[in-house]
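Using the hints, position chains B and C against chain A.
So the chains spell out like this:
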Amino acid sequence: MKHKKFLALLLSVLMLATCSVTAFAAGNDVVEITYSYWGTPDEAASVQAVADKFNSENDHIHVTVLAIPNEEYTTTLNSMAAGNQLPDCGIMNENGVLDFAADGLLADVSSMYDGAASMPLDSITFKADGAPVAYSAANEILFLYYNKDMFDAAGVAYPDPVTPYTWDEFVETAKLLTLDGNGNNAASPDFDANNVVQYGANVDNWTWQLEVWALSNGGRWFSEDGAECLINTPEVAESIQKVADLYLVDHVAQFRDGLEDSGIQSTIAAGNVAMATGGTWNVGTCMNNVEFPYGVAPLPVMKNEVTICTGGPQVVFAQGEHQAEAMEFIKWYTKEENSWDSLIATGIWMPILEEYYTNEELTHKWVDNDNFTMGYDNFKTSVVDYAHDYAVSTCWYYVPHTNEFLAYLRSILGDVWTGSTTAADALNAGEATLIDIFNGE
Amino acid sequence: MPKKTKHRNALLRSENRTAYLCLIPSIIGLIFLTYLPLLEVFGLSFFSWKGNGFDTFQFVGMKNYVKLLTTDPYFKESVAVTVYYTFIAVVGSMIYSLIIALLLNRKIPARGFWRAIFYLPYLLPAVAVYLGWNWLYNINYGLFNFIINRVFGWPRVGFVNDAKLVAPSLALVAVWLSGNLIVIFLAGLQNVPRTYLEAAEVDGATSWQRFWNITIPCMSPIIFYNLLMALITNLQVITPALALTKGGPGNSSRFVSYVLYQYAFENRKFGLAAAVAVMMFILIGVFTVILFATSRSWMFSEGGDD
Amino acid sequence: MNSLASRKRQEKIVNTVCFVLVVFFSALCLLPIWWIFRSSLMTNNQLFANEVPFFPPDWLFSNYPKALVNFPFWRYLKNTMTIIVPSVIAGTVTAVLGGYAFARMRFRGKRFLFVLVIGSMFLPTMVTLIPLYIMWTNVFHLNGTYWPLILPYFCGGGAFNIYLIRQFILTIPRELDEAATIDGAGHFRILISIIVPAIKAAMIVVALLLFTQMWNDLIQQSLYIHVEKKFTIALGLSQFKGSLKQDYSAIMCATCMSFAPGIIFYLLGQRHFVEGIVLTGMKS
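If you read the sequences in order, they're chains A, B and C.
Position one of the first sequence corresponds to residue 1 (the numbering used here), numbered consecutively onward.
Position one of the second sequence corresponds to residue 442 (the numbering used here), numbered consecutively onward.
Position one of the third sequence corresponds to residue 748 (the numbering used here), numbered consecutively onward.
For reference, chain A alone in the conformation it holds in the complex:
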């Protein structure tokens, strides 16, 4: 019998060990809801500040924020959905919105802007079969950042804030700004491409951002109604090849593997690249810390003036018990005054309501502050006006399965960046699979 006693003792020790692992929070009358977000730690702190503000103003709902890593966001939410564990609401990664909507995991958002003076921009409205399923919480467009000190040192004029460079002008300018260890620039015959100390340009090749160059070059990844995949065309291939050639042929850019968003922080913000393309959020997340004066300009143009816009949408998930409360929080959150100080005035988010782009009084309210160090006029002409006039939706606003599509595209472009294949060959080889993924097979 002794061994039984021992076994009982053993089991109880094991039980104790495991019980001590779990702890439960006590409940009360306040409805607890969870809000999930992604982003850089700076953005995370801002989101926390917004939630704290809501909690202090509101006594029947308490919001807890859940941080989920950006790169695994869609995967993680998929996994949570399968386990019936989605948060009550959250910001959604753009590449999963339409798939979530198709699976019935998003609550109806039609009442979100009831009574608002102005509707969100059409370009940042997610649509399935033409009907809105979600609205981006912020507008983000791509444009060009440049380091004024490097332009001054090279004696090159700043990019024009209104008229973009043509692609060739852009490459030529970048050559003048690319310097080797002996001080020769990339346009000089003595230039040593193996000993570069300052690069002229970085065009971010993070996969989704490449769509803008297809549009700029007169091509499209998908037809405008989202019904057809048109990615294997000479225009698209040429647009990708031009980006790759900045490193391979022109020697004005560092190598980038296109696996992640690395465009700004390790290039222009680190002070070793003169011009870099990137999204608006960088104004508030990393360019706010730089020690040199910088300016902004529209993206260079291959054939058409264009930029793409994006922004994660605020959604209520259709699994939770507290969808009404979640909607109340999301509605509160999307009122611009509530995210103003931490997100909009800092430059991380651009407002989503059209009036901020058309009514200059409101533009002043938004841009006229110290966070926009490039100055009101520069930002207004190069970003605000450009966003209004030339921004088109990124594909995930109207095409499903973009998560998988972009992952595969990223994998076939890997060899293009290193120069072991051409963009045209890579697209030819990958076309069938890309179309299968597009068709949901």
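Just so you know, these hints were derived from the structure itself, not from any lab.
There could be a bad hint or two in this list.
[As the list claims (entries may be wrong)] Taking lysine to aspartate or glutamate and the EDC-like style, the derived pairs with C-alpha atoms no more than 20 Å apart in a straight line are:
#1 B/491 with A/228
#2 C/825 with C/964
#3 B/508 with A/436
#4 C/977 with A/32
#5 B/687 with C/924
#6 C/947 with C/964
#7 B/548 with C/758
#8 B/517 with A/114
#9 A/303 with A/336
#10 B/517 with A/431
#11 A/127 with A/149
#12 C/759 with B/456
#13 A/127 with A/228
#14 C/857 with B/642
#15 B/508 with B/518
#16 C/755 with B/456
Here the structure is a predicted model, which is why all the values come from computation and not from measurement.
Structure of chains B and C alone, referenced to chain A:
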């Protein structure tokens, strides 16, 4: 006499009961965490399932396997990449750890200290190791490219950016991590009977002859064990892809495990992912069987070994 | 006589060469760790500059408190230990129980069960990942908790560990337990008073193996833990890289911090590890 048998039977019965008591956890584990899941994964591979509720299984027969072996954009290449990586990692870490173990087996000062140094990498969290090595490998700012480009003036090398180099580069990290193999080899070397070596020395055998004809045969069971474990571990490699390369550039680090992960948890094609798992089971099984089959010809047995 | 002296001298030369090689290789082995540490003490702009110093110019230990803001190391460590401590204890205990039964007891189906145990040693864990995920997620609804990471270790602690313990127990002379049996000790008394003290080294090896296994199990942790508050060190590190992108100075700080627990764990039990692993080598 009958009384004694009865007593013996009672003892045996009690021992039977006690044994099963001890084994309950292991039996539960074997059934529910090992063999039942193995059957399930075979079963699941004939279905299409998106992970939403158990009423949505769709029987598709061999379709998942046909897709993997014909139109699938990742699978075939992933097998090649995995085998390639495993080959370099296994051969590299076996040679490296055997050499280090042989060196450490000599009479050198502070042996324990040096052994600890070589063992150290094995104790570091894998994600941290890959993050650190990624920085060393960085094409623009890494240590290696500093030496290559800034010191020697050669073109930069994309260790983890160049499709041709990423598998060897990641395998080098695996070699660096093989501290546990060194310690096991070292233990084996200390077990090689001194009398054999001394006898051979008296007979005038050179150190190479002694190494090749005595040390290696005596070590062969340990070499076999290390080889087998390194093989099984490396064929399942996923952490570098998960933490670092996301399978890229291109498909050059898209290991079979990563394809499985991608299909199951990113794309929620559980049936297809299960088929990948079954193929992986077969792949590892084939290598294990080959290793066992060939081991008879080279593994030295002392006869009385357990 | 002469030849013996020359041989001795030769031996000495070989030993010296070996020593030099050992020092050289261990320097190579430590170089990555030094480089990571050195990078953690520099600013990003220093890291992204054209000059690449071997020693950090300013030894910025202040990077560490800064990195802790975005990489709450202590919380991640606590979470990791919440998983590891019960699992290591349970895994070791159940492995000892299983190994003991196989080594010392006669029971029906022993051969069959033992074959099952050995067979599962060769079964790749990736193969059963999906069914287990479905079980924990869709059947038990435990996705999002630590249970799917902990509970498996209450079930035998892995076939290899059971096997290892069995092999060790087989080396203990049976006469010892037989003597105890005559004194009236039951199986569990023998286990506690005779077997366990004799296999302490093996148990520590098992604990170490379990520790490193969980420490590095990024894939399972990422399948079951989604919320930053519950992150382990492995998850925190991979997320940290994702969210900070190119803030290498902070990433290297986080990497260095996460190196510490393993090293401390090793230093604490070094004597036993080495003894145990030496024995492991002999047994395998």
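Evaluated hints:
1. For the suggested pair residue 491 of chain B and residue 228 of chain A, the alpha carbons sit about 25 Å apart, so the restraint of at most 20 Å is broken.
2. With a C-alpha separation of about 16 Å, the suggested pairing of residue 825 of chain C with residue 964 of chain C holds against the 20 Å cut-off.
3. This hinted pair checks out: residue 508 of chain B and residue 436 of chain A have alpha carbons roughly 12 Å apart, not beyond 20 Å.
4. The straight-line distance between the Cα atoms of residue 977 of chain C and residue 32 of chain A is roughly 18 Å, inside the 20 Å bound, and the hint therefore holds.
5. Distance check on the hinted pair: residue 687 of chain B and residue 924 of chain C sit about 54 Å apart at the alpha-carbon level, beyond 20 Å; violated.
6. Taken as a hint, the residue 947 of chain C and residue 964 of chain C pair is broken in the structure, with Cα atoms around 26 Å apart against an allowance of 20 Å.
7. In summary, the hint linking residue 548 of chain B to residue 758 of chain C is supported, as the alpha carbons are separated by about 10 Å, within the 20 Å threshold.
8. Note on residue 517 of chain B and residue 114 of chain A: the hinted pairing is violated, with a Cα-Cα distance of about 53 Å set against a maximum of 20 Å.
9. Restraint check for residue 303 of chain A and residue 336 of chain A: not satisfied, since their Cα atoms lie roughly 36 Å apart, outside the 20 Å limit.
10. With a CA separation close to 18 Å, the supplied pair residue 517 of chain B and residue 431 of chain A stays within the 20 Å bound.
11. Under the criterion of a C-alpha separation no larger than 20 Å, the hint pairing residue 127 of chain A with residue 149 of chain A is inconsistent with the structure, at around 43 Å.
12. Taking the CA atoms of residue 759 of chain C and residue 456 of chain B, the gap is about 58 Å. The hint is violated against a cut of 20 Å.
13. Distance check on the hinted pair: residue 127 of chain A and residue 228 of chain A sit about 16 Å apart at the alpha-carbon level, within 20 Å; holds.
14. For the given pair, residue 857 of chain C sits about 47 Å from residue 642 of chain B by alpha-carbon distance, which is inconsistent with the 20 Å threshold.
15. At most 20 Å may separate the alpha-carbon atoms for a hinted pair to count; residue 508 of chain B and residue 518 of chain B meet this at roughly 14 Å.
16. Between the alpha carbons of residue 755 of chain C and residue 456 of chain B the distance comes to roughly 58 Å, so the proposed pair goes past 20 Å and is violated.
Hint check: violations occur at hints 1, 5, 6, 8, 9, 11, 12, 14, 16; the rest are consistent with the structure.
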